[in-house]
Structures are given as structure tokens and as C-alpha cells.
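Engineer: Chain by chain, the residues run as shown.
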Amino acid sequence: MPSRILVVDDNPVVRTIIKNMLGDNGYEVVGEAEGMDDALAAYKAHRPDLVTLDFSLVKDNGLALLKALRALDEKVKVLIVSGTASGKVVNILKENGAKGYLPKPFNSAELVNAIQGVLAA
Amino acid sequence: MNLSESARQHLLKVIGVGLKKSAERLSKISNTHWEVKTVSAQTAATEDFLAKAGHGPADSKYYGAYFSMPGWGFLVLFFVQSGTALAEVFLPSGMGEGRVNFKEQEVVAEIANIMVGALAGTLADTCDMVCILSAPEMGCAKKETLLKLALGRFRAGGEDVSIMTDIHLSSDALASECSLIIFANPKAISAFGYNEQPT
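Chains A and B, in that order, are what the protein sequence lines are. Using the working numbering, read the first sequence as starting at 995 and increasing by one per residue. Using the working numbering, read the second sequence as starting at 27 and increasing by one per residue.
Keep in mind that the hints were calculated from the coordinates and are not lab data. Heads up, the beta-carbon is just placed ideally off N, CA and C, and yes, glycines get one too. Check each hint, because a few of them may be wrong.
Stated by the list, open to error - Okay, the calculated beta carbon distance ranges per label pair: (1) A:1085 with B:42: 23 to 33 Å; (2) B:74 with A:1032: 39 to 49 Å; (3) A:1055 with B:42: 26 to 36 Å; (4) A:1113 with B:78: 48 to 58 Å; (5) A:1055 with B:106: 26 to 36 Å; (6) B:85 with A:1031: 35 to 45 Å; (7) B:132 with A:1085: 23 to 33 Å; (8) A:1088 with B:198: 38 to 48 Å; (9) A:1040 with B:218: 15 to 25 Å; (10) B:57 with A:1110: 17 to 27 Å; (11) B:43 with A:1086: 13 to 23 Å.
Please put together the full structure from these sequences, using the hints given.
Structural biologist: Structure, rendered in C-alpha cells:
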């Protein structure tokens, strides 16, 4: 049974690229979201195995969304996918429950490798 | 207010480290080599600097992406044709009909985000600060217009401009180039451990 993924990014281009990469590699994308409200609603509806999350969202605070997801489900597995390369921020995100970090840009193999690492954690 | 020469050189060195990472990311996105061509820096937003940084071919339009983090503003400018060329290589070839459904500006926004993220992360880590980069604010207009808008956004937050840096990167293989203009306020500069010397 394929692992089920929720994709959260405020840029529709990125969401589509990630969905296509995941689909090509046998993952099931159960939902996509661009902000906190629809991400939490999608998580409740689908209970995915993993969430990919870009924490630099237009309307919402990505760290707040990460905390909200953990409040919903303390076992949630979140892979942070982001263009920001601050080591301090990555550490804070991991201290708040993110299981992995994948810097942009990435290719399909790098995405799959990162997802496998988080799922195995 | 003026920065001491040693402070200015230190700041440019840190920016240079971040720019190298930005160029590497652009290279990875486009599968071509990008490099930093020129860097010029000036304390305070003088009309001369603005005129030079905002100079472009008459009637040519640019994609502009503005980002901010406390004390800093970043404006990425792609000549529209450069943005188009980058967007074309950014989207995976297997996307089929999906490729034509995206607004080119959305693709350029993401490319700019990836590029500036590398630089912003370097600056934040150097100061040992937690800085989260804003999402991009996009526009498509003449270079001078975008520069004025970005400077207005930076100043609207009550920020004084301490230093402006104008940077050009290019890829010969892709026949593309971009400009990156950085604003920083006195507090941001002092976070590097240098205080401005009043004139």
C-alpha cells in the first residue's frame, strides 16, 4: 500500500511539481493545501502518513502550522521543504517536531530520499 | 551615516558567501552555470545609486520579487525574457498540459524565493539570529518602478536604509541575467558586530 502524503505549499507550481514527483514514485497524494486552515482540514480528513510543508507561507506562519499539526496529532510526520537555508530556523523546526528538512531546489530522487528518511523515523 | 571601510568589507564578504550559494541554486535549477558578475554597495539610498540600479533598456519590463526579513529587504529582478527562459527549465519536462496552466510569474516567484533563501539564510546564521524570510511580493514593470516600490515597502516599515547593494548574476549558457538589490537598516548592520560611524 503506497504511503499517503499531504502537500502544503502556497505556490501552486511547487505543489504540482511535488505531486508529480510523488506520483511518479508510487506515493499517493491525498490532498494539497496552501495555508493553515486548509492544511489542518485536509489533515483531519485524510490522516496522511506524511506532510510536506513549506514554512514560508504567504498568509500563515509555517511554524504555527507545524505546532497546530502536532497538537492535532503528536505522531504527525512532517518534512519541511523550503527555500530558506538558515540553520537556526531548521533547528527550531526540528525542535518543534519536524522530522526532516529538504532544501529547495531538489530533484525527484532527493525528494524520495527525504520522504523515506522521515517515514522510517 | 557611513559604515567604516572594514565594516563594509566584512558585510560584502558575508553577502558574497550567500551569493555563491544563490548562484549554486540557480545553477541547479537551470542546469547551467550562473555566476556573480558585479557587486556594488553604497551607504544610504542616494539618487545616483537608485538611478544606476534602476537603469534598464527603455520600455523593457522586468519581473520583480520583493522579500523581507527584520532589518533587510531583497529585490530580485529578472528581465522578462530571462524569467521566461528560467521558468521553462524549472518546470519538469514531463508535466504535459500542466506547464501551460501556470502563470509565469508564479514560477519566477519560486525561483526568486529559492535564490534569496540561500542568501538570507547565510546572513541570519552569520548574525546567529532567527530570521524567517517573507513570501515574495511580485510585480512586472520597468526596473525603476519596481525598485521604487521595493524601497517604499522597506521604508514603510519605519526602516532607514543604511546600505544598498546592487548585484548582477548571469548565465551565458541560458542567455539570462538577474539583479539582486539588498537594503539593510542600521540595526541589521550592527548585528554583524559593527556599529555605524556617524559623520
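Engineer: Evaluate each hint against the coordinates.
Structural biologist: Hint by hint, here is what the structure shows:
1. A:1085 with B:42: 23 to 33 Å: holds, 25 Å
2. B:74 with A:1032: 39 to 49 Å: 47 Å Cβ-Cβ, so the 39 to 49 Å window holds.
3. A:1055 with B:42: 26 to 36 Å: For residue 42 of chain B against residue 1055 of chain A, whose Cβ atoms are near 31 Å apart, the range 26 to 36 Å holds.
4. A:1113 with B:78: 48 to 58 Å: holds, 51 Å
5. A:1055 with B:106: 26 to 36 Å: With a Cβ separation near 32 Å, residue 1055 of chain A and residue 106 of chain B satisfy 26 to 36 Å, so the hint holds.
6. B:85 with A:1031: 35 to 45 Å: Since residue 85 of chain B and residue 1031 of chain A have Cβ atoms about 42 Å apart, the given range 35 to 45 Å holds.
7. B:132 with A:1085: 23 to 33 Å: Between residue 132 of chain B and residue 1085 of chain A, where Cβ atoms are some 30 Å apart, the hint holds.
8. A:1088 with B:198: 38 to 48 Å: At roughly 39 Å between Cβ atoms, residue 198 of chain B and residue 1088 of chain A fall inside 38 to 48 Å, so the hint holds.
9. A:1040 with B:218: 15 to 25 Å: Roughly 46 Å apart at Cβ, these two residues miss the hinted range, so it is violated.
10. B:57 with A:1110: 17 to 27 Å: holds, 25 Å
11. B:43 with A:1086: 13 to 23 Å: holds, 22 Å
Comparing the model with each numbered hint stated earlier shows that hint 9 is the single one that does not hold.
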